[in-house]
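Starting from the known structure of chain A, fit chains B, C and D onto it as the hints suggest.
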Amino acid sequence: MSTDRYSIFSVLREALRGHTGWKPAWREPEPKAEYDIVIVGGGGHGLATAHYLARVHGITNVAVVEKGWIGGGNVGRNTTIVRSNYLLPGNTPFYEHSMKLWEELEQDLNYNAMVSQRGVVNLFHSDGQRDAYARRGNAMRLHGVDAELLDVPELKRILPMLDFDNARFPIKGALRQRRGGTVRHDAVAWGYARAADGRGVDIIQNCEVTGFRIEAGRILGVETTRGFIGAKKVGLACAGNSSRVAAMAGLRLPIESHALQAFVSEGIKPFIDTVCTFGAGHFYISQSDKGGLVFGGDIDGYNSYAQRGNLPTIEDVAEGGMALMPAIGRVKLLRHWGGIMDMSMDGSPIIDRTPVAGLYLNAGWCYGGFKATPASGWCFAHLLATDAPHEVAAAYRLDRFATGRLIDEKGVGAQPNLH
Amino acid sequence: MSQPNRLASGGLIDRTRPLAFTFDGRTYSGHPGDTLASALLANGVTLVGRSFKYHRPRGVLTAGSEEPNALVELRTGARREPNVKATVAELYAGLEASSQNRFPSLAFDLLAVNQLASPVFVAGFYYKTFMWPAKLWEKLYEPLIRRAAGLGRAAEAADPDPYEKTTAHCDVLVIGGGPAGLAAALAAGRTGARVILADEDFALGGRLIAERRELGGQSAARWADEAEAELANLPEVTVLRRTSVLGAYDGGVYGAVERVSDHLREPAPHQPRQRFWRIVAKRAVLAAGALERPIAFGGNDTPGVMFAGAVRAYLNRYGVAPGRRAVVYANNDDAARTVADLNAAGCELVAVVDARGDSPALHAAARTAGALLVFGGAVARAYGGQSVKGCEIVDARGGSFNVACDLVAVSGGWNPTIHLTTHLGGRPQWRDDLAAFAPGGTPPGMTVVGAAAGAFGLGEALAAGAQAGAEAANDCGFSGGTFDPPRADDDSGETRGLGPWRVPAKRGKAFVDFQNDVTVKDVELAAREGFRSVEHLKRYTTLGMATDQGKTANVLGLALMAEITGRSIPATGLTLTRPPFTPVALGALGGAHRAKEFKPTRLPPSHFWAEEQGAVFVETGLWMRAAYFPRAGETDWLETTIREVETVRTKVGVYDASTLGKIDVQGADAGAFLDHVYINTFSTMPIGKARYGLMLREDGIAMDDGTVARLGETHYYVTTSTAHAASVMRHLEYCRQWLFPHLDVHLSSITDQWAKYAIAGPRSRDVVAALADDGFDVSDAGLPYLGVKELTVCGGTRARLFRLSFSGEMAFELAVPARYGDALIRAIMAAGEPFGICPYGAEALSVMRIEKGHAAAAELNGQTTAADLGLGGMMSKKKDCIGKVLSQREGLADPARPRLVGFKPVDRSQRLRGGAHFVPRGAAVTAANDEGYMTSVAYSPSNGCWVGLGFLARGQERIGEIVRAVDPVRDGDVEVEVVAPVFVDPEGVRVRG
Amino acid sequence: MRIPCPYCGVRGLDEFAYLGDATLIRPDPAAPGAEAAFHDYVYLRDNPAGLHRELWQHASGCQSWLVVTRDTRTHAIGRVEVARDVAAARGSGAE
Amino acid sequence: MAEPLVARSALRPHVAPHASAAGAHGVTLREVENLTLASVAALRGREAELVQAVRAAYGLDLPTGPARVASGKVAFVGAGPGKWLAVSSAPTEFSTLPAAVADQSDGRTVLRVSGPKARETLATLIQLDLHPRTFGPGDAAMTHAASIAVHLWQVDDAPTYEIATFRTFAATLWRWIVEAGQARGLDARAED
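Chains as they are written, first to last, in the working numbering: chain A, 2 to 420; chain B, 55 to 1047; chain C, 4 to 98; chain D, 27 to 218.
Chain A extracted, bound-state conformation (with noise of 0.2 angstroms):
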């Protein structure tokens, strides 16, 4: 007999076997002649969407073709963040539907990704700043989102190792989400996956689309390399490839592809026990369950569609990380590597329909994917089941840029590489 619910009494059961009866997490089905939804990208996005769409909706003929494997794009790359502390109407309750979801996700998945709430720093240095989180924090509040300033001996005894003594750009204080944390990234996915193929989603690795069948305006299904398959409609969720497949159907989006990279230290006992960002500069950084210090800043700030960035970046961040807390020093940074982020024109993402008749586009996380990965899910099912935007994401509109409706956290316009 083969195991295929988790708990820790499967655990123990198969502990006395050798482990010899785990099931695969999910099949590798071959591909059939059709199905209703063909969702693009395995990433956690995509996933997510099929789970949903099987959940939520009952729709269970769903196919996610992937091109690679399942989890190897940003799911896999991004430094595990979650948070809901955005400013803008358009965001907030977006992702606070994500936070939501974040938190009942072990149970709903049965799988366990680690949601881990320890609580997410932003420092503020200056007055301005300070007002300008207490804008964004009591934004959270009205929303219902757990918001609060924190003053500097506050700070000091949550975060002892910054630098508060003798800092070029002094801390005076921080907003803290204590619902945010991290959660661990690839079982994000693998979880998701797990689940679908449990609802019976094919999930169908090593399958990459070449292009689409679109007639009279409307979508037909995908060439893939292994073969046409048919779709009543088809999602994209290629996050940093978003403009290449799109422009497989026509398509030209308000997209371009950013390089951010991210790393990670070598594993070190308990150091820090928040997310804690620099307001000062391009430094951000948690600690593993495993140990290792996760950190980043900023994007690589040029197009890219390499996985990887250059040294101006990475010794930025090791600059802002050793001014903000000079005790990591001789701490050893163990690996970088680079993602590709879909960065929209305004910084938000775009779940929407397109002009062609069935297909639909979830994009412009810019490196707000993965925090966002259970309500873009969520979300696109709702979508892709009724045709009708989900109120949480209705300001996800393809038509905004248009329309001057624009969702800018950040404030700096039509350049990517700046949000």
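Everything labelled a hint here was simulated from the structure, so no lab data went into it. One thing to keep in mind: the hints can contain errors.
DEER-style ranges, computed between Cβ atoms [what the hints assert, rightly or not]: (1) GLY494(B) / ARG14(A): 40 to 46 angstroms; (2) GLU35(A) / ARG82(C): 43 to 49 angstroms; (3) PHE165(A) / ARG378(B): 54 to 60 angstroms; (4) LYS932(B) / ASP87(D): 44 to 50 angstroms; (5) PRO974(B) / ARG28(A): 53 to 59 angstroms; (6) PRO1040(B) / PRO117(D): 45 to 51 angstroms; (7) THR226(A) / GLY494(B): 17 to 23 angstroms.
DSS-like cross-link-like pairs, simulated, lysine-lysine; straight-line CA separation at most 27 angstroms [stated by the list, open to error]: (8) LYS173(A) / LYS650(B); (9) LYS173(A) / LYS157(A); (10) LYS173(A) / LYS411(A); (11) LYS101(A) / LYS189(B); (12) LYS743(B) / LYS843(B); (13) LYS653(B) / LYS411(A); (14) LYS843(B) / LYS705(B); (15) LYS653(B) / LYS143(D); (16) LYS933(B) / LYS743(B); (17) LYS270(A) / LYS189(B); (18) LYS270(A) / LYS193(B); (19) LYS233(A) / LYS33(A); (20) LYS233(A) / LYS68(A); (21) LYS157(A) / LYS193(B); (22) LYS743(B) / LYS931(B); (23) LYS173(A) / LYS653(B); (24) LYS157(A) / LYS650(B); (25) LYS336(B) / LYS143(D); (26) LYS575(B) / LYS24(A); (27) LYS743(B) / LYS932(B); (28) LYS193(B) / LYS101(A); (29) LYS653(B) / LYS157(A); (30) LYS68(A) / LYS24(A); (31) LYS411(A) / LYS938(B); (32) LYS33(A) / LYS68(A); (33) LYS743(B) / LYS705(B).
To spell it out: a stretch of chain C is covered by chain B in this simulated footprint if at least three of its residues, at any positions, have a beta carbon under 8 angstroms from a beta carbon of chain B; those stretches are [to be verified]: (34) 15–23; (35) 58–65; (36) 74–83.
Everything numeric in this text was worked out from a predicted model, so none of it was measured. A virtual CB, placed ideally from N, CA and C, is assigned to each residue, including glycine.
Chains B, C and D alone, transformed into the frame defined by chain A:
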């Protein structure tokens, strides 16, 4: 302090000098030339660390930077460094090392109990458990896991040592100072090319100093010495020892770290601990050698199980016997060398197990050493707990027997060190003839030679190195100077490891990734559960994610997965690596500019004077600005600020406005150019006049504001906000060069050229008049509001005088060349003294601009339009400007958008807060009722209450209405009256004085 | 990454500021449908995986804006032109 | 009437400390004061006129690239296409040139770094290749020193470099050069 395992002779150590050091508090002795690992081994210490998950006892596996096991904490206090590889830590007198990841002690580690639970703790077990109850994850399970995980401890105080970053340019970068690298450096260096040779070791030579080899009739170590001496004499060659090349980046850029002082107790005065090198190389020769790989058999992690190549290094380079009774287990002909070297060192050879069939070379060596020889067999298991006591050998017919030993020298073959070839996307290629991955693509300009290219023979490494070095130099335009490599004592040894990858399990765990405790069974489990791609294998089992980045584990893990799933290795995947090649201290990447020197500090011209006045400063971007000037008896910033504001409003004050961006705009088309970038028109503004201007981004959102003054027909002077000075300059250059290339217009940043003081208040003209030289009329007629004039002050210093006001009072901005700025502030204070002048800082400035409703950074927040700011009327209808078209989109033109208005608390005693949101009176405090937000607040002495600016939906239509300013993050909830955004002198009488 | 500035010579990425797609031409604000044209100009991107003509400023050098042709997959730099010359040659659409 | 204004350097010892190592000096740091500086840009269509005017006034040919040409007390340093930084060690009225001229005499502080360790010291701040094969007397460059914008040129083979930086950054740049030079036999004083 005896060193029981130090050989009587041999090795590249200085036996004349003992170095005392401690490990876990016990004192030992070693010699210069030792690593911590070699010194510990010399002292008979074989238990050095504990593994990550099971806390298994671990010893020394390697003699290099690939070490997964022998990790220690080095130094103490603020200099404590976690996870130092004992195999590369150079010994110095007084070195203090401690084992890590154990409690209470290394020999007795309570967490070794994890081993008992290891049937549960398989790969990925945590994904399947710890889910119930959900709230216990953060409270119980996660803290337990976090405390158990991690290895060493970071220091708790700021790193006291300095670091340095530097940049080097060269024609040829040679990475690796072994035989191939030395040959490449000599060949390139002799042409006169600029060469950098970097090696991570503190001694050059690579395997030349770890083996007993001959080159050109002398010992290979000696030859390496001579090569190093010659390189040192070539003027354009730089040899960087203790320098790891970490990563290859675009454009021939390499990152490297030099451990300048890690072999010292602490850095010499002014010397960095480490130096980060950016190396820009036209060509690179990668001669990084190869790394030995393990064979997965039971107990292969027991201290005393060591790579054969490491055994030879300890014998030959360090004069240390890592054991006295050895079993050699190999699948390649390096075994013969291991046997010979152990024999020569006087160690007993218990058994030699060759996984292959008969090998003549090995046969001869084993016979000489008198060892039992097992062909086609395996070591099935090593046992002994904290150190090897014996192993179980299986022969070709399947029979097994135990032998006693204290050292198992293992060689599973060699993997070329190709990490740097993959950093820019090169994809390694599996080569059956090498049974290893060889470089696929390389970064542009890189050649790979020697063992790194799969050429394992010494002779071929030297030849290829010499050729690559010469060619690289030639490519850079250098020739002449030849280097003929010496003759090597090569044999026809078979160094590829043809398997087995694992020995069928008997008992005991067979480790693949030692540090992360990934076993063969974990790989099998991953395969069973569908994690069959290499990427999934890595992530699911954590194979290759430890501090050694899988240098010893990755290929073995991949091969096992291929074997388990019945696929070829290439079909299973390949191992791409990410920089850095070896872990690098964040301090080194951060460099010299830390703490107060994190960023440059810009000091305005009055800074030194303000220091003398006891001003309190505030960081504003890179600037230090005076925030306020407290006087004796004043108790807080607010009291001081109120006094400064009142002085300006009733007498006169002076403020250093030099931080505003200043741009000189000249050219026949200067006016036309400004018309393009500002919403209002400047081409028709008369000479000698100034005007407020607003520029938009092309998306119709306000970008920056400032003033524009016309100094001549073709000459304008533009100011920007302090915060946006650089970005505005970039934008203007973009407009000038790219959008409007036909215009004759020239921009020059003159921010630093002029010291500029705002002199504001009813008596400001008196002060200015006292400073202006005779003949310059500063009366209202001579210089009306918004007038501009060039003049001289204080007896001949040329100056510019602007009749502009930010405070709402009659005011002047007086600018002189910056070198006179210090003197001018003193002169202004002296001239103003009769009128009661005081200096005011950024706080008072902010109060006054809020009182006048002038937008600043908080309002120009990148989300607001000209109309939102109440400046829509400024937009010229007669001309286009950047941002005009898109500012007319319905979403931006929507009258329901929040508009800038003023606020006063209904209860005048209440305080306002920036960042509060507005909700209608009587409405619930929810997002649905959110009507805007407060941007700026100040206590207004003129109003006797706090006042604020903010954006309120349809605000301009709601003057007189009362709304709530709610501030839940500070428990604030204040009823405020909506007012016009001007709190002082709404008619603007005073500025016209 | 290193970019050969036509004036200053080859310099590192650290000296340059990036803007983006250089094939976008500012539309005629007076033409019919200007708002739609400006929308496409400001917001829509080809975002190719491959050769990309893009604007960089040599911000820490001579301040020149440059049109750089670069492969977004490999970061290999091809042609580098002075933006003002390119703009002048196409008769700059802005006026 | 007010007292005449006294000129002051941007460098004071408490923000730009002096340092002098014992023994031979590997690198020397000084401020070059009392220079007249101006940014000069050729007006559209009047480029040749400017070339002529400079030749007539100062007897030198404007460099077309990043180079410095000097004659007597006056030098012109390339500052970009059609742009130059005019430098004079004596009071000089550059504004009469047929060009867009902006006085920068106070906008820049010029530091002089020289000695056998000058290159090694500067390499910790400036990422350019200053090796004599690629950069020698008469060569000039605009770059940054660890983010601080600088315009530098080589004066002689000592080697001696002059580094113009924005005045309000000068104290920081001074400190950073001092920090890098400390291990290299630094002699740093505000004036000779």
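Comparing the hints with the structure gives:
1. GLY494(B) / ARG14(A): 40 to 46 angstroms: For GLY494(B) and ARG14(A) the Cβ distance comes to about 45 angstroms; the hint holds.
2. GLU35(A) / ARG82(C): 43 to 49 angstroms: The hint (43 to 49 angstroms, Cβ to Cβ) holds, given that GLU35(A) and ARG82(C) are roughly 47 angstroms apart.
3. PHE165(A) / ARG378(B): 54 to 60 angstroms: With a Cβ separation near 55 angstroms, PHE165(A) and ARG378(B) satisfy 54 to 60 angstroms, so the hint holds.
4. LYS932(B) / ASP87(D): 44 to 50 angstroms: Hint holds: Cβ distance 45 angstroms, inside 44 to 50 angstroms.
5. PRO974(B) / ARG28(A): 53 to 59 angstroms: 56 angstroms, holds
6. PRO1040(B) / PRO117(D): 45 to 51 angstroms: With a Cβ separation near 49 angstroms, PRO1040(B) and PRO117(D) satisfy 45 to 51 angstroms, so the hint holds.
7. THR226(A) / GLY494(B): 17 to 23 angstroms: 22 angstroms, holds
8. LYS173(A) / LYS650(B): At roughly 16 angstroms apart (the allowed maximum being 27 angstroms), LYS650(B) and LYS173(A) satisfy the hint.
9. LYS173(A) / LYS157(A): 11 angstroms, holds
10. LYS173(A) / LYS411(A): Holds: LYS173(A) and LYS411(A) sit about 21 angstroms apart, inside 27 angstroms.
11. LYS101(A) / LYS189(B): Holds, at about 14 angstroms.
12. LYS743(B) / LYS843(B): Holds, at about 9 angstroms.
13. LYS653(B) / LYS411(A): Within the cut-off at roughly 23 angstroms; holds.
14. LYS843(B) / LYS705(B): 24 angstroms, holds
15. LYS653(B) / LYS143(D): 25 angstroms, holds
16. LYS933(B) / LYS743(B): 21 angstroms, holds
17. LYS270(A) / LYS189(B): 23 angstroms, holds
18. LYS270(A) / LYS193(B): Holds: LYS270(A) and LYS193(B) sit about 17 angstroms apart, inside 27 angstroms.
19. LYS233(A) / LYS33(A): Holds: LYS233(A) and LYS33(A) sit about 13 angstroms apart, inside 27 angstroms.
20. LYS233(A) / LYS68(A): 21 angstroms, holds
21. LYS157(A) / LYS193(B): Roughly 22 angstroms between the alpha carbons, so the hint for LYS157(A) and LYS193(B) holds.
22. LYS743(B) / LYS931(B): 22 angstroms, holds
23. LYS173(A) / LYS653(B): Answer holds: LYS173(A) to LYS653(B) is near 18 angstroms, not above 27 angstroms.
24. LYS157(A) / LYS650(B): Between LYS157(A) and LYS650(B) the Cα gap is close to 19 angstroms, so the pair holds against 27 angstroms.
25. LYS336(B) / LYS143(D): 24 angstroms, holds
26. LYS575(B) / LYS24(A): 15 angstroms, holds
27. LYS743(B) / LYS932(B): 21 angstroms, holds
28. LYS193(B) / LYS101(A): 19 angstroms, holds
29. LYS653(B) / LYS157(A): 23 angstroms, holds
30. LYS68(A) / LYS24(A): Status holds; Cα separation ~24 angstroms.
31. LYS411(A) / LYS938(B): 21 angstroms, holds
32. LYS33(A) / LYS68(A): 16 angstroms, holds
33. LYS743(B) / LYS705(B): Roughly 26 angstroms between the alpha carbons, so the hint for LYS743(B) and LYS705(B) holds.
34. 15–23: Held - the segment 15–23 of chain C has 4 residues with a Cβ nearer than 8 angstroms to chain B, which meets the minimum of three.
35. 58–65: holds (count 3)
36. 74–83: holds (count 4)
Figure legend: structure checked against the earlier numbered hints; every hint is met.
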